[in-house]
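Asker: So you can see what is in the structure, the chains are spelled out below.
2 protein chains.
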Amino acid sequence: MAIDADTYKQGMRQLAAAVTIVTTEHEGQRCGLTATAVCSLSADPPTLLVCVNRSAAAHDRIKLGRRFCVNVLSDEDAALSRRFAGLEKGEARFTAGVWRTAVTGAPVLDHALASFDCELIEQVEAGTHTIFIGRVHAVETRPGRRPLLYADGDYSGLAALEDVVTGRA
Amino acid sequence: MAIDADTYKQGMRQLAAAVTIVTTEHEGQRCGLTATAVCSLSADPPTLLVCVNRSAAAHDRIKLGRRFCVNVLSDEDAALSRRFAGLEKGEARFTAGVWRTAVTGAPVLDHALASFDCELIEQVEAGTHTIFIGRVHAVETRPGRRPLLYADGDYSGLAALEDVVTGRA
Numbered sequence: 096m097a098i099d100a101d102t103y104k105q106g107m108r109q110l111a112a113a114v115t116i117v118t119t120e121h122e123g124q125r126c127g128l129t130a131t132a133v134c135s136l137s138a139d140p141p142t143l144l145v146c147v148n149r150s151a152a153a154h155d156r157i158k159l160g161r162r163f164c165v166n167v168l169s170d171e172d173a174a175l176s177r178r179f180a181g182l183e184k185g186e187a188r189f190t191a192g193v194w195r196t197a198v199t200g201a202p203v204l205d206h207a208l209a210s211f212d213c214e215l216i217e218q219v220e221a222g223t224h225t226i227f228i229g230r231v232h233a234v235e236t237r238p239g240r241r242p243l244l245y246a247d248g249d250y251s252g253l254a255a256l257e258d259v260v261t262g263r264a
Numbered sequence: 096m097a098i099d100a101d102t103y104k105q106g107m108r109q110l111a112a113a114v115t116i117v118t119t120e121h122e123g124q125r126c127g128l129t130a131t132a133v134c135s136l137s138a139d140p141p142t143l144l145v146c147v148n149r150s151a152a153a154h155d156r157i158k159l160g161r162r163f164c165v166n167v168l169s170d171e172d173a174a175l176s177r178r179f180a181g182l183e184k185g186e187a188r189f190t191a192g193v194w195r196t197a198v199t200g201a202p203v204l205d206h207a208l209a210s211f212d213c214e215l216i217e218q219v220e221a222g223t224h225t226i227f228i229g230r231v232h233a234v235e236t237r238p239g240r241r242p243l244l245y246a247d248g249d250y251s252g253l254a255a256l257e258d259v260v261t262g263r264a
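Here the protein sequences line up with chains Y and D, keeping their order. Numbering of the first sequence is given in the numbering used here, commencing with residue 96 and proceeding in unit increments. Numbering of the second sequence is given in the numbering used here, commencing with residue 96 and proceeding in unit increments.
Hints listed in this document are in silico derivations from the structure and should not be mistaken for laboratory results. Be aware that a few hints might be false.
Copies of one chain are not kept apart here, so a pair can be met inside one copy or by any two copies together.
What the hints assert, rightly or not - With a straight-line Cα cutoff of 25 Å, these simulated SDA-like cross-link-like pairs (lysine to any residue) come out: (1) Lys-104 / Gly-185; (2) Lys-184 / Asp-99; (3) Lys-104 / Tyr-245; (4) Lys-104 / Thr-236; (5) Lys-158 / Gln-218; (6) Lys-158 / Glu-122; (7) Lys-104 / Leu-215.
One chain only, chain Y, in its complex shape:
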């Protein structure tokens, strides 16, 4: 009744997800990482969660600063996603993209599809990761473009369902 990490990861490749950049600020230092493990938790009060690996530089800064912003990327931002996924480190990540400061102090991406500016209200440790639960204090929404997705180990975009379905739906 146990599976190994590789079997688990093979399965998880099939769970497509929107790509976000989660940012924070602590003592004047900006920090951010690309994250797909983000989901809505409750609309009232507005609450979301993000799962962050404890080895990520942003992990401890989110804990200390008790704030973070989830920036949902459009399909024009694959290069920015790669930058925050490891291509660059620390403050250098922010030299691409247009960044402002959110209500809480966390960096907001000016051209995100949506930005959720959160106060950290709870954290749950689970194995290698921590679940950060955030109360959303500000939302900026910029619809009209398409999201960047990550599926089966690669970046993808969105298509209308009638364009892709040939089967039994």
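On the provided structure of chain Y, position chain D as indicated by the hints.
Answerer: Here is chain D on its own, set in the frame of chain Y:
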């Protein structure tokens, strides 16, 4: 420093997500619901989470049965998703699709892109929802098809990024 539920929901429409059916079984009764608030938590040990509204019929059954299976839908399964999102109730939901019983006893969808059969190891209450954290005991992966996505209030499919990007990427 507070936003209303509608503003939050408008923002969340921009967070595209894979569509799953989360199932459980308790005292011979099968139960399931369509869910997009699912994400990977840790690969070692294999752990994932799903956020479930406390008003959902499956909520208490997951708590009592301490098991659930996350079935990732393909883009051929929009009709099945609607069925588990409210079109049908209770056991009647399972009369479409091919269902088997997983290692834990939860129903597995035979044509899911991936199925994660989980033991409930922790639950965190947060407003209207509960975060169910599951240790994954079995994974079935059936790659080669495309995922069903939910974005901006509607079902969508996946497209290669080069087919959709015309901008600055």
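Asker: Hint by hint, say whether it matches the structure.
Answerer: Hint check results:
no.	hint	result
1	Lys-104 / Gly-185	neither (27 Å within a copy, 31 Å between copies)
2	Lys-184 / Asp-99	neither (30 Å within a copy, 36 Å between copies)
3	Lys-104 / Tyr-245	both (14 Å within a copy, 22 Å between copies)
4	Lys-104 / Thr-236	between (32 Å within a copy, 10 Å between copies)
5	Lys-158 / Gln-218	both (8 Å within a copy, 21 Å between copies)
6	Lys-158 / Glu-122	within (12 Å within a copy, 41 Å between copies)
7	Lys-104 / Leu-215	between (28 Å within a copy, 19 Å between copies)
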